[in-house]
Amino acid sequence: MELTDTEIIKRVLHGEQALYGQLVQRYQQYVFTLVLRFTDNREDAEEISQDIFVKAYRSLADFRGESKFSTWLYTIVRTSSITFLRKKKLDTTSIDNERTQVSLENRESSFNANTVEQKSRHAMVNAAIRLLSPDDGQLITLFYKGEQSLEEIGRIMGYDPNTVKVKLHRARHRLKDKMEKYFSYEVKDLFTPDGSH
Amino acid sequence: MINHLSTDSKNWSDLYNGPKMKRMNTEQPMEDRLWEYIDGSSSPTERSTIEELLATRREWQEKYKELLNVHQLLDASELEAPSMRFTRNVMEEIARYHVAPATRSYINKNVIRGIGGFFLTLILGFLSYILSQFHWGASSGNGSSDLIPRSPSLGLDKLKTIDISPAINTTYISLFMLIFVIMGFILLDMYLQRKKQGRTT
Numbered sequence: 024m025e026l027t028d029t030e031i032i033k034r035v036l037h038g039e040q041a042l043y044g045q046l047v048q049r050y051q052q053y054v055f056t057l058v059l060r061f062t063d064n065r066e067d068a069e070e071i072s073q074d075i076f077v078k079a080y081r082s083l084a085d086f087r088g089e090s091k092f093s094t095w096l097y098t099i100v101r102t103s104s105i106t107f108l109r110k111k112k113l114d115t116t117s118i119d120n121e122r123t124q125v126s127l128e129n130r131e132s133s134f135n136a137n138t139v140e141q142k143s144r145h146a147m148v149n150a151a152i153r154l155l156s157p158d159d160g161q162l163i164t165l166f167y168k169g170e171q172s173l174e175e176i177g178r179i180m181g182y183d184p185n186t187v188k189v190k191l192h193r194a195r196h197r198l199k200d201k202m203e204k205y206f207s208y209e210v211k212d213l214f215t216p217d218g219s220h
Numbered sequence: 005m006i007n008h009l010s011t012d013s014k015n016w017s018d019l020y021n022g023p024k025m026k027r028m029n030t031e032q033p034m035e036d037r038l039w040e041y042i043d044g045s046s047s048p049t050e051r052s053t054i055e056e057l058l059a060t061r062r063e064w065q066e067k068y069k070e071l072l073n074v075h076q077l078l079d080a081s082e083l084e085a086p087s088m089r090f091t092r093n094v095m096e097e098i099a100r101y102h103v104a105p106a107t108r109s110y111i112n113k114n115v116i117r118g119i120g121g122f123f124l125t126l127i128l129g130f131l132s133y134i135l136s137q138f139h140w141g142a143s144s145g146n147g148s149s150d151l152i153p154r155s156p157s158l159g160l161d162k163l164k165t166i167d168i169s170p171a172i173n174t175t176y177i178s179l180f181m182l183i184f185v186i187m188g189f190i191l192l193d194m195y196l197q198r199k200k201q202g203r204t205t
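Same order as they appear, the protein sequences are chains Y and R. Counting in our numbering, the first sequence runs from 24 upward without gaps. Counting in our numbering, the second sequence runs from 5 upward without gaps.
Any given hint could turn out to be false.
With a straight-line Cα cutoff of 25 Å, these simulated PhoX-like cross-link-like pairs (lysine-lysine) come out [to be verified]: (1) Y/K91 / Y/K204; (2) Y/K78 / Y/K33; (3) Y/K188 / Y/K168; (4) Y/K78 / Y/K111; (5) Y/K199 / Y/K188; (6) Y/K168 / Y/K78; (7) R/K69 / Y/K199; (8) Y/K188 / R/K113; (9) Y/K188 / R/K67; (10) R/K200 / Y/K78; (11) R/K113 / Y/K204; (12) Y/K190 / R/K67; (13) Y/K168 / R/K200; (14) Y/K78 / R/K69; (15) Y/K168 / Y/K190; (16) Y/K111 / Y/K91; (17) R/K113 / R/K199; (18) Y/K190 / R/K69; (19) Y/K91 / Y/K33; (20) Y/K168 / R/K69; (21) R/K67 / Y/K199; (22) Y/K78 / Y/K110; (23) Y/K204 / R/K67; (24) Y/K33 / R/K67.
Note that these hints are calculated values from the structure, not bench results.
Using the sequences and the accompanying hints, generate a full structural model.
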């Protein structure tokens, strides 16, 4: 029978260090995907993700069980990601807005939908999400893949639930715009139901 | 040129997207309401209102279908996977560490309360001693307050009469010094033991 997060944590704190691997296996994709919203470089994202799990391990005794382990873990993801951005000397105000105008223009001008292997709509969606700001990308990932409620996302990102709701609406609107702009062929049947434009 | 401009850019080009911006502004309330409906967070009243609008208004139906498609795409999107070695790398890294004790376990509030209580007692004791040096009593008849001490030196000259020489004694001092040294060694030993455990695990 699969152990719950709380059971694993309890046993790890009692010395069964090897069990922590189960938590890593369980959440590595979530953490890695969230970190990728802050950096395009997969090597950097993997290094940051590993650091996050190590940090989580070292402060495991401070996890009180008042929230889900995933919520606690994703809070560490957010703070580590922001620290990484600051170290990279990127403008942190761009976390809320799309990346700085210059870097965004560079990204968009070098982005060519035809060069991305469009094997599936999943790839298209992930590519479109990568064009959003880190905040929008993380918000969408936390809501759709992280199994977090608006209140939990608010706790992770430091917003109240109503602000999260509004930001989520805006993020989805922006994502739709990106998909229409860069993947117009792939999404034309999604956004123009009767085929007209 | 307008086709290449992002609808989100906060620059002068937005001014030229007049009709587009107007359309976006009137669409926002409809979109927000539809998103809440799709997310299942609308109130029952709002839900039935939207269902009525969806049944009767074409623009609501089209927008709903668009947003639902986006929602389903996002719901079906896949997570990105790290390398195969990821878990092993993490476990190799954590093998060098041990879990730090919870902060509440080594910050003992009773100890902090005790230290605070000690200093508070000391201050109160000192204040009591100072106040006890005031000569409370009847005034000299000139209408002055009872609280004004007769002695301008606040009775501190009484301190000169206190004999503390029995306390300043090499035996007592030696004893206290010995206790402090032993406690210091015990604390040093505990600290070094913890460090040693940290290195070996």
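Verification of the supplied hints:
no.: 1; hint: Y/K91 / Y/K204; in the structure: 38 Å, violated
no.: 2; hint: Y/K78 / Y/K33; in the structure: 17 Å, holds
no.: 3; hint: Y/K188 / Y/K168; in the structure: 16 Å, holds
no.: 4; hint: Y/K78 / Y/K111; in the structure: 20 Å, holds
no.: 5; hint: Y/K199 / Y/K188; in the structure: 17 Å, holds
no.: 6; hint: Y/K168 / Y/K78; in the structure: 22 Å, holds
no.: 7; hint: R/K69 / Y/K199; in the structure: 13 Å, holds
no.: 8; hint: Y/K188 / R/K113; in the structure: 40 Å, violated
no.: 9; hint: Y/K188 / R/K67; in the structure: 19 Å, holds
no.: 10; hint: R/K200 / Y/K78; in the structure: 21 Å, holds
no.: 11; hint: R/K113 / Y/K204; in the structure: 59 Å, violated
no.: 12; hint: Y/K190 / R/K67; in the structure: 19 Å, holds
no.: 13; hint: Y/K168 / R/K200; in the structure: 42 Å, violated
no.: 14; hint: Y/K78 / R/K69; in the structure: 43 Å, violated
no.: 15; hint: Y/K168 / Y/K190; in the structure: 17 Å, holds
no.: 16; hint: Y/K111 / Y/K91; in the structure: 31 Å, violated
no.: 17; hint: R/K113 / R/K199; in the structure: 24 Å, holds
no.: 18; hint: Y/K190 / R/K69; in the structure: 21 Å, holds
no.: 19; hint: Y/K91 / Y/K33; in the structure: 14 Å, holds
no.: 20; hint: Y/K168 / R/K69; in the structure: 22 Å, holds
no.: 21; hint: R/K67 / Y/K199; in the structure: 12 Å, holds
no.: 22; hint: Y/K78 / Y/K110; in the structure: 18 Å, holds
no.: 23; hint: Y/K204 / R/K67; in the structure: 18 Å, holds
no.: 24; hint: Y/K33 / R/K67; in the structure: 48 Å, violated
Taken one by one, the earlier hints fail for this structure at numbers 1, 8, 11, 13, 14, 16, 24, listed in ascending order.
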